[in-house]
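Number of protein chains: 2
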Amino acid sequence: MEREGILVVISGFAGVGKGTIVKGLIAGYDNYALSVSMTTRQPREGEVEGQSYFFVTKEEFEKKIEENGLIEHACYVGNYYGTPRAYVEDMLAKGKDVILEIEIQGARNIKKQYPDAVLIFVCPPSATELKNRLVGRGTETPDVVEKRMRRAVEESEGIFEYDYIVVNDEVDKAIAVTHNIIETMHSAPKRNRAFVTSIQNELEDIAKGE
Amino acid sequence: MEREGILVVISGFAGVGKGTIVKGLIAGYDNYALSVSMTTRQPREGEVEGQSYFFVTKEEFEKKIEENGLIEHACYVGNYYGTPRAYVEDMLAKGKDVILEIEIQGARNIKKQYPDAVLIFVCPPSATELKNRLVGRGTETPDVVEKRMRRAVEESEGIFEYDYIVVNDEVDKAIAVTHNIIETMHSAPKRNRAFVTSIQNELEDIAKGE
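Line by line, the protein sequences give chains A and B. All residue numbers for the first sequence refer to the working numbering, where the first residue is 93 and numbers rise by one. All residue numbers for the second sequence refer to the working numbering, where the first residue is 93 and numbers rise by one.
Warning: the hint list may mix true and false statements.
Simulated restraints on C-beta separations [what the hints assert, rightly or not]: (1) A:154 to B:120: 52 to 60 angstroms; (2) B:177 to A:95: 37 to 45 angstroms; (3) B:263 to A:159: 46 to 54 angstroms; (4) B:120 to A:139: 43 to 51 angstroms; (5) B:197 to A:167: 50 to 58 angstroms; (6) A:205 to B:263: 35 to 43 angstroms; (7) B:120 to A:286: 56 to 64 angstroms; (8) B:206 to A:139: 33 to 41 angstroms; (9) B:263 to A:182: 36 to 44 angstroms; (10) B:177 to A:118: 45 to 53 angstroms; (11) A:289 to B:157: 51 to 59 angstroms.
Chain B is faced by these chain A residues, among others (derived, beta-carbon under 7 angstroms) [to be verified]: (12) 146; (13) 147; (14) 148; (15) 227; (16) 241; (17) 242; (18) 245; (19) 271; (20) 291; (21) 296.
Please keep in mind that the hints were generated in silico from the structure rather than gathered at the bench. A quick note: this is a predicted structure, and the numbers were derived from the prediction, not measured. Think of the CB as a built atom: it goes at the ideal place given N, C-alpha and C, for glycine as much as any other residue.
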C-alpha cells in the first residue's frame, strides 16, 4: 500500500518536552518531515536560521501572506508566526507525515483547512512536574517561570480540541505512543481508498468468474 | 490514569483470520474481554456453548429482546444473532476493552448506540489470497467457497463505514496493529477527562499561588 502523508500538529506547554518528542520521531522513523515555521521575532541565543525558524522581516512575512504562501499564521506578543505552504504540500505529496510544532491558534487554523490533520497535545504527568521541569532547567528566571505557568493555564483550556493527548512521563514511551497514534491514523479506510477499492473490485471479479 | 473501557467491534470476511486476531488480543494483553454472542442457530461441529455462542431457542431470544437484554441484534438467513447487554456493560464498567466479533449490521447498530465504539474491519492482503485461504482450508466445498466470496462482495461495500482497517498479512503484525489502534483510542482527551481536568485545576492553583 502506498501511503498518503498525514499532517500532524504537535502542541504542548513550554517545558513539556514536545521538542524532544519531535526530534525522537524524526530520528527514529523515516516517515516524518518537520516543517520549519517562519517568524518575525528576533532569533534567540543558539537558534539556527532554517532549523529553529525562518527569520524574516515584517514586510517579508506580509508579502508571504499576500502570496498565499503560508498555510496558517498567527500573531503572538506582536510577532508573526506562520507555516510555509510549499514545504508542507511537497512533503505530503511525497507520502511523508509532516509535523508542525505549533500553538493552539495555529492548530485551529490547520484543522479548519485540513480536517484530516491529527492534533496531538503533549501533557506533563502533572502540573507540579511541569513547574519542576521549568524551574529545574535553571535557565529561566522565576518571573519567566510564572509567565509560562500562566500561559499554560490558558493553553490547557484548549486540550479538548485536540484529537489525542500524549503524557510525557518517560520520553521514549511518549515517542512510541505518538508514533502509534500517527500509524493508527494511516489505518483509516479513507486513507486507503486505492487498497479498499482494489479489494472490492477483485472480489467482484472472482465472484463473477465462478 | 484509570482507563475507561472501550467497545471494540471487529468484523471481516469469512476466512480472513479475525478469530485468530481476537484470540491473540485476549492471550497477549490483559485489557480485553470477549463478548459472546447469543444465537438461535444450531451449534456446528466443535462449537462450545458459552464460548462460541450462547445457543438459545427463538422464544428465549425474543424474551431477551423484550427485556432489553441485548445491546444489538440482527437476523441472518432466518436465525437471530445478538449481543447480551449485562456482560458488555459490566466489563466496560471495570475498565476492560470489550471485543465484539460481529457482522456489519450489528456493527452499525452498535455505532448508533455507542458512538464512541471503535469499528475495525480485517482485510486480506488481496481477494485472491482470501479465496486461497478458504480453498486451502480443505473443509469447505466449492459451493460454500463461492457463497462466501459472494457474501464478501456485499460485506466489502461497508468497509468505509468502519473507523480502521487491519490487513491480516502476518497474524502477529495484525494483532499488534489492532492493539495499537485500540491503545490510540485511549489517548483521546474525551477518554481522559479526569486527568485533563486535574491538570487544568492544578495549573490554575499553581498560577494563583505564585
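Against the structure, the hints:
1. A:154 to B:120: 52 to 60 angstroms: Because 56 angstroms falls inside the window, the suggested range holds.
2. B:177 to A:95: 37 to 45 angstroms: holds (39 angstroms)
3. B:263 to A:159: 46 to 54 angstroms: Given about 51 angstroms between the Cβ atoms, the range holds.
4. B:120 to A:139: 43 to 51 angstroms: holds (45 angstroms)
5. B:197 to A:167: 50 to 58 angstroms: holds (52 angstroms)
6. A:205 to B:263: 35 to 43 angstroms: Distance hint for residue 205 of chain A, residue 263 of chain B holds at roughly 40 angstroms.
7. B:120 to A:286: 56 to 64 angstroms: Once the Cβ atoms are compared, 31 angstroms apart, the range 56 to 64 angstroms for residue 286 of chain A and residue 120 of chain B is violated.
8. B:206 to A:139: 33 to 41 angstroms: violated (48 angstroms)
9. B:263 to A:182: 36 to 44 angstroms: Between residue 263 of chain B and residue 182 of chain A, where Cβ atoms are some 37 angstroms apart, the hint holds.
10. B:177 to A:118: 45 to 53 angstroms: This hint holds: roughly 47 angstroms between Cβ atoms.
11. A:289 to B:157: 51 to 59 angstroms: For residue 289 of chain A and residue 157 of chain B the Cβ distance comes to about 37 angstroms; the hint is violated.
12. 146: Constraint on residue 146 of chain A not satisfied, violated at 32 angstroms.
13. 147: Result: violated, 31 angstroms to nearest chain B Cβ.
14. 148: violated (33 angstroms)
15. 227: violated (11 angstroms)
16. 241: This hint holds: residue 241 of chain A lies near chain B, its Cβ roughly 5 angstroms from the closest one there, short of 7 angstroms.
17. 242: holds (5 angstroms)
18. 245: holds (5 angstroms)
19. 271: Where the cut-off is 7 angstroms and the nearest Cβ of chain B is about 9 angstroms from residue 271 of chain A, the hint is violated.
20. 291: holds (6 angstroms)
21. 296: holds (5 angstroms)
Checked against the numbered hints given earlier, this structure breaks hints 7, 8, 11, 12, 13, 14, 15 and 19; the rest are met.
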